[in-house]
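Let the hints inform the model, and build the full structure from the sequences given.
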Amino acid sequence: MKEISLNILDIAENSVKAGASLTEITVTENDERLALTVRDNGCGMTEETLKSVTNPFYTTRTTRKVGMGLPLLKMEAEQTGGSLEITSVPQSEDSVKHGTCVTAVFNKKHIDYTPLGDVVSSIVTLIQGHPDTDFLFTHINGNRTVALDTRELRTVLEDVPLNSYEVLDWIKNYLRKEENK
Amino acid sequence: MTVNELLNHGFNAVSLPEPEREITGVYIGDLLSWVMGRAKASDAWITIMSNENILAVAALADTACIITAEHVEISDSVKNTAELKGINILSFDGSAYDAAVKLHGLI
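Chains A and B, in that order, are what the protein sequence lines are. For the first sequence, position 99 matches number 99 in the working numbering, and the numbering has no gaps at all. For the second sequence, position 20 matches number 201 in the working numbering, and the numbering has no gaps at all.
Hints were generated in silico from the structure; no laboratory data involved. Accuracy of the hints is not assured; some may be wrong.
[Stated by the list, open to error] Label-pair distances were calculated between CB atoms; the ranges are:
#1 B/Asp279 / A/Glu32: 35 to 41 angstroms
#2 B/Val253 / A/Cys101: 33 to 39 angstroms
#3 B/Glu199 / A/Cys101: 38 to 44 angstroms
#4 A/Glu29 / B/Pro198: 42 to 48 angstroms
#5 A/Glu178 / B/Glu203: 51 to 57 angstroms
#6 B/Asp243 / A/Gly81: 32 to 38 angstroms
#7 A/Lys108 / B/Tyr278: 28 to 34 angstroms
#8 B/Ile229 / A/Thr49: 29 to 35 angstroms
#9 B/Lys260 / A/Asn143: 47 to 53 angstroms
#10 B/Leu188 / A/Gly81: 34 to 40 angstroms
#11 B/Gly191 / A/Lys108: 36 to 42 angstroms
#12 B/His252 / A/Leu157: 55 to 61 angstroms
#13 B/Ser256 / A/Thr46: 27 to 33 angstroms
[What the hints assert, rightly or not] Residues from chain A that face chain B, not an exhaustive set, calculated with beta carbons under 7 angstroms:
#14 Met1
#15 Pro56
#16 Phe57
#17 Pro71
#18 Leu72
#19 Met75
Owing to the predicted nature of the structure, the values given are computational and were not obtained by experimental measurement. Even glycine gets a Cβ: it sits at the ideal position worked out from N, Cα and C.
As structure tokens, this is what we get:
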């Protein structure tokens, strides 16, 4: 994809589809390297499923035969000399600590590295599409940290839905300001 | 024109499970997520990418064939999967531009 932030959307959608109540999206970068981690507490995968998720012809969708989210992320990370790692604990194995963790590492100095892009839009889009699940977004860049936790927002907002226009607009402006500090 | 007719014009067969597929257009691109949404059904898709993901993109977009330009090598495992999934692959020694020019005169 032209931006890593578009991959974030794709991968986090998998988490929501897996029934996650909390999806943690963490971007950690310095001048050399960017690591993207999407960790969820969804239903997880068996070892057998885990083996096939980077196969482009594997998908959990029923509408088409091909799932490209993880295969593309893997390819893009590896093209920069980086890597993709996925670990998962299925609900059937552990009813408490189940979930999936996807980590992609990119070498930013590689010519085929695509920039992070508009990560704020991706986060806002996720919250807009899934106002009833929680997201924890953390962007660590050198010694700067930007964070947004929808669980905190929820306690302040009480009954106001997270996908109301005013809330989304506030989130967007808050994240943009923090990202540009 | 059909995919197997290209074999007489400097294109080489890598995988040809559906030789009679009709080609009605051409698309050139290497950023797979981009190609996925833009290549049209029955296009000949010219690329320099060669990993397994190109097969999924070709299946999604329902292209007539993949043409790998610049003499890009296709691994046996990709070749086998292509046969299995009904994806045509041809190779071309020249650049994507050369391949497109050639196709322009043919279709």
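Evaluated hints:
For the hinted restraint 35 to 41 angstroms between B/Asp279 and A/Glu32, the CB-CB distance of approximately 38 angstroms keeps it satisfied. B/Val253 and A/Cys101 have their C-beta atoms about 34 angstroms apart, which keeps the hinted 33 to 39 angstroms range intact. In this structure the supplied range 38 to 44 angstroms holds for B/Glu199 paired with A/Cys101, their Cβ-Cβ distance being about 40 angstroms. Hint check: A/Glu29 to B/Pro198, Cβ distance near 43 angstroms, so the stated range 42 to 48 angstroms holds.
Hint check: A/Glu178 to B/Glu203, Cβ distance near 54 angstroms, so the stated range 51 to 57 angstroms holds. At about 33 angstroms, the beta-carbon gap between B/Asp243 and A/Gly81 stays in the expected band of 32 to 38 angstroms. Distance hint check for A/Lys108 and B/Tyr278: the Cβ-Cβ separation is about 31 angstroms, which falls inside the suggested range of 28 to 34 angstroms. Range check, B/Ile229 to A/Thr49: Cβ separation about 32 angstroms, and the 29 to 35 angstroms hint holds.
The supplied range of 47 to 53 angstroms is met by B/Lys260 and A/Asn143, whose beta-carbon atoms lie about 49 angstroms from each other. Checked against the given bound of 34 to 40 angstroms, the beta carbons of B/Leu188 and A/Gly81, roughly 37 angstroms apart, stay inside it. Separated by about 40 angstroms at the C-beta atoms, B/Gly191 and A/Lys108 satisfy the suggested range of 36 to 42 angstroms. Between B/His252 and A/Leu157 the Cβ separation comes to about 59 angstroms, which falls inside the hinted range of 55 to 61 angstroms.
At about 28 angstroms, the beta-carbon gap between B/Ser256 and A/Thr46 stays in the expected band of 27 to 33 angstroms. The restraint placing A/Met1 at the interface with chain B holds, with a minimum CB-CB distance near 4 angstroms, inside the 7 angstroms limit. Here the hint on A/Pro56 is kept, as its CB sits about 3 angstroms from the closest CB of chain B, short of 7 angstroms. At about 6 angstroms, the closest approach between the beta carbon of A/Phe57 and any beta carbon in chain B falls short of 7 angstroms, and the interface hint on this residue holds.
At about 5 angstroms, the closest approach between the beta carbon of A/Pro71 and any beta carbon in chain B falls short of 7 angstroms, and the interface hint on this residue holds. Evaluation of the A/Leu72 hint against chain B yields a held restraint, the C-beta minimum of about 6 angstroms falling below 7 angstroms. Here the hint on A/Met75 is kept, as its CB sits about 6 angstroms from the closest CB of chain B, short of 7 angstroms.
Taken one by one, the earlier hints all hold for this structure without exception.
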